[in-house]
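Below are the chains, spelled out letter by letter.
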Amino acid sequence: MILDAKIPAGELADKWDNYKKHAKLVNPANRKKVDVIVVGTGLAGASCAASLAEQGYNVKSFCFQDSTRRAHSVAAQGGVNAAKNYKNDGDNVYRMFYDTIKGGDFRSREANVYRLAECSAQLIDQAVAQGVPFAREYGGYLNNRSFGGVQVSRTFYARGQTGQQLLLGAYQALMRQVSLGKVKTYTRHEMLELVVVDGKAKGIIARDLLTGEIERHAATVVVLATGGYGKVYYLSTLAMGCNSSAICRAHKKGAFMSGVSWIQFHPTCLPQSGEHQSKLTLMSESLRNDGRIWVPKKAGDDRPPQSIPEEERDYYLERKYPAFGNLSPRDISSRAAKERIDAGCGVGPMKNAVCLDFSKAIKEQGKDKIKEKYSNLFTMYEKINGINAYEQPMLISPAAHFTMGGLWVDYQLMTTIPGLFALGEANFADHGANRLGANSLLQACVDGYFIAPYTIPNYLADEMKVEKVTTDHPAFAEAEAAVRAQLSQFLNSKGTLSADHFHKTLGKLLYNKCGLSRSKESLTKAIEEIKQLRASFNKDLKITGDDKVNSELEKAGRIADYLELGELMCYDALTREESCGAHFRDEYQTPDGEAVRNDQDFCFVSAWEWKGEGVAQELHKEPLVFENVELTVRSYK
Amino acid sequence: MKLSLKIWRQEGVDTKGAMINYELDDVSEHMSFLEMMDLLNETLVQKGERVIEFDHDCREGICGQCGMMINGRAHGPLANTTTCQLHMRTFKDGDTIYIEPFRATAFPIVRDLKVDRSGFDHIIQAGGFITAGAGQPPEANSILISHETAEAAFDAAACIGCGACVATCKNSSAALFTSAKITQLALLPQGKLEAADRVVNMVEQMDAEGFGHCSNTEACEVECPQAISVLHIARMNYEYNKALILKP
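So the sequences go chain by chain: A and B. Note that full-length UniProt numbering gives residue 357 to position 357 of the first sequence, counting from 1, and the numbers run on in steps of one. Note that full-length UniProt numbering gives residue 106 to position 106 of the second sequence, counting from 1, and the numbers run on in steps of one.
Honestly, the hints are just simulated from the structure, not real lab data. All figures in this text were calculated on a predicted structure; none of them were measured in a lab. Glycine included, C-beta positions come from ideal geometry on N, C-alpha and C. Where hints are given, some of them may not hold.
[Claimed, not checked] Pair ranges (Cβ atoms, derived):
| # | chain 1 | residue 1 | chain 2 | residue 2 | range |
| --- | --- | --- | --- | --- | --- |
| 1 | B | G17 | A | G274 | 32 to 38 angstroms |
| 2 | A | D89 | B | T131 | 31 to 37 angstroms |
| 3 | A | E521 | B | E42 | 32 to 38 angstroms |
| 4 | B | L246 | A | L180 | 55 to 61 angstroms |
| 5 | B | T149 | A | L631 | 43 to 49 angstroms |
| 6 | B | E42 | A | G366 | 55 to 61 angstroms |
| 7 | B | T15 | A | K539 | 31 to 37 angstroms |
| 8 | B | E49 | A | P309 | 40 to 46 angstroms |
| 9 | A | P623 | B | Y22 | 56 to 62 angstroms |
| 10 | A | E312 | B | E49 | 53 to 59 angstroms |
| 11 | B | A18 | A | A29 | 36 to 42 angstroms |
| 12 | B | T131 | A | A29 | 40 to 46 angstroms |
| 13 | A | E467 | B | T43 | 24 to 30 angstroms |
| 14 | B | T43 | A | D89 | 53 to 59 angstroms |
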């Protein structure tokens, strides 16, 4: 199969305009005859559902949480990028495009990234119109700050809770459409299967997590906006419920999966403190604007960080990457931290952290100023660790965070299954092999507010002529039977090990063998071990409780999917014999430890096709064509 | 540490519940409260028993999904803290801890410690938004908002909708939740034209959901993880009365 990205003709700056000019429309009178399913209610899902409902389509919105307002977009802290150039510091759409392409290590599509930068300004307008209380200057104008990977101030923020405020804006827009009768929400519902009829997505099978009922939902279009799968590592910055099930089930129905091994490790998380831990908490990257990162120069230095004198500290980011210093991109910063920790210079009880030090900023700007910028983060830090970070350095460590991989989509955000769209973190597009800070909220919102509302109607316009599928179609019965069979297998499993046991084991395995760095040897081993773990899962799993409200049963399905996804991640990483962005292969590095990319052989997006149980997946390649930027060695020195 | 836990178990909305005793060893002081619950559930799975259902998700104090009464207090003994951000170092070896769901008529119990808080969504649906269409908004800097106003709006907007305010109120009032949204939107120039309808509709919906009236005990502010101020309730009352008086 040849992957057609359907990139519109014309100059880079004109492509999106050209697309919109020619995108087909659906007669307003016909829109009320069309049902759309949107799975996920984060920034991408809520904004898409609200926008399509506003156009007149009937939208069914699904989420597993008890309210659509709780999607994990709510936890994003730092900010959202937009090329507004309010600071007159040289920002523009092209520069933002270039920063993002470079930040992604030249592994994303030019056209998608340009569109992202182009729509960014409009997103700020949209959010302000909705009442998102972004930070303001005293004169009433919007304020900005800088973020990792760029040298201009293009990040808009609402204290350290930008994701929360943007999400509440989208949630309110969604609730407005609910009140207008255009959206019906299905909270505490989990999509367990995609229904495909004649090669097109026509609905989903969902489980009501309260009653246990298996429901059939038909639609003309299915949108997956289900977020990322970083929780595959168990310990990650993601919410406990974040999962890959929707995209994995779609994958097995024919949607290709791309760039799955590109998983960002966020450099500013709280370090693991013991085996009991269920997650790693993210501290906003914005802290790097004022916090300086260092470790003791001497390996094994046991002194408390605050008692280590200045001359014995190694500000390794400032030393190695003087141009960007503490604002170096996430993959560079995370790897540099790992390198120092591996060299024995880590601090903290488990020697797995580096210092994020605010003493200089407090001296220069005063405690009140720092408090105004980051007080909620300092409070959170103290709640979790019992340490006052105004008085001693925060301890931070890299943790699995954002997934650049996901379902393959074309320029229209449509997967290889016609009628199935993937938005936000659930798709692979825009970020390449590394996401720059403050671009995730942007992509999710832009996909939902500004892109899908054009591209989905373009698809629907042709689909209006096709007869509607109902839930009586045999494809629904078949999909439902498969879901029931899996649930009953879980409920009847008579093993001895909990679902969490398998999740933790898989996570540890992936951290060690397909984490911040990978090698042919580690990946080959991981694939073998995951196979064994899956065999054990099928035999030794123990699920208690009934088929109604049962969190153990929910976990089991998600872990079954993670086991398959984890294996695919390793294959993806194994076949990519280069280092790029978040993907660092030990075999491909310079003598001083910098990533070595191979554009000759790997300037493509991997797209994996499911070929059936127990059969190796087929790798397809979408070549990446760069017409507007030169592929350079990514340097932040 | 070793703990004695007394936890509310209830099969579903129509069944009777009861406090059940559990003993738990090997609790680390570094665990979050929910990690302690995970540990307890792991022991239940090993015994072949149904786990204790509780709501949780982000475990960062921001999603608002977690929440339970711990020793009679919403989200436990610390001020301005969600259950996920409560750590076991707050307790000591040998403690007995009582754990119950958030209780309110408008929050029916789903199972064990899970409750249904969809009443909050219904209040927002009644007008807790600005009627801004998607796609063609005005330039953001064309709407000037002073630093102080933006910050004040944010103070109100920070509500995470966890329901601790309702659970701790002797009247099960949702006044703090509702007023926070009303204040945020009332402070901003956007959506001014619909402000009167908004407040009336939201307040009426709050009553329709079965939440009680506010009698100004201010307990809600004490238990709110975001320290949302009760002054917003005063603002809501002001906006409500203004809307009724000025109603054409």
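Quick rundown of the hints versus the structure:
no. : hint                                   : result
1   : G17(B) to G274(A): 32 to 38 angstroms  : holds, 33 angstroms
2   : D89(A) to T131(B): 31 to 37 angstroms  : holds, 35 angstroms
3   : E521(A) to E42(B): 32 to 38 angstroms  : holds, 33 angstroms
4   : L246(B) to L180(A): 55 to 61 angstroms : violated, 25 angstroms
5   : T149(B) to L631(A): 43 to 49 angstroms : holds, 47 angstroms
6   : E42(B) to G366(A): 55 to 61 angstroms  : violated, 47 angstroms
7   : T15(B) to K539(A): 31 to 37 angstroms  : holds, 35 angstroms
8   : E49(B) to P309(A): 40 to 46 angstroms  : violated, 56 angstroms
9   : P623(A) to Y22(B): 56 to 62 angstroms  : holds, 59 angstroms
10  : E312(A) to E49(B): 53 to 59 angstroms  : holds, 54 angstroms
11  : A18(B) to A29(A): 36 to 42 angstroms   : violated, 57 angstroms
12  : T131(B) to A29(A): 40 to 46 angstroms  : violated, 23 angstroms
13  : E467(A) to T43(B): 24 to 30 angstroms  : violated, 54 angstroms
14  : T43(B) to D89(A): 53 to 59 angstroms   : holds, 57 angstroms
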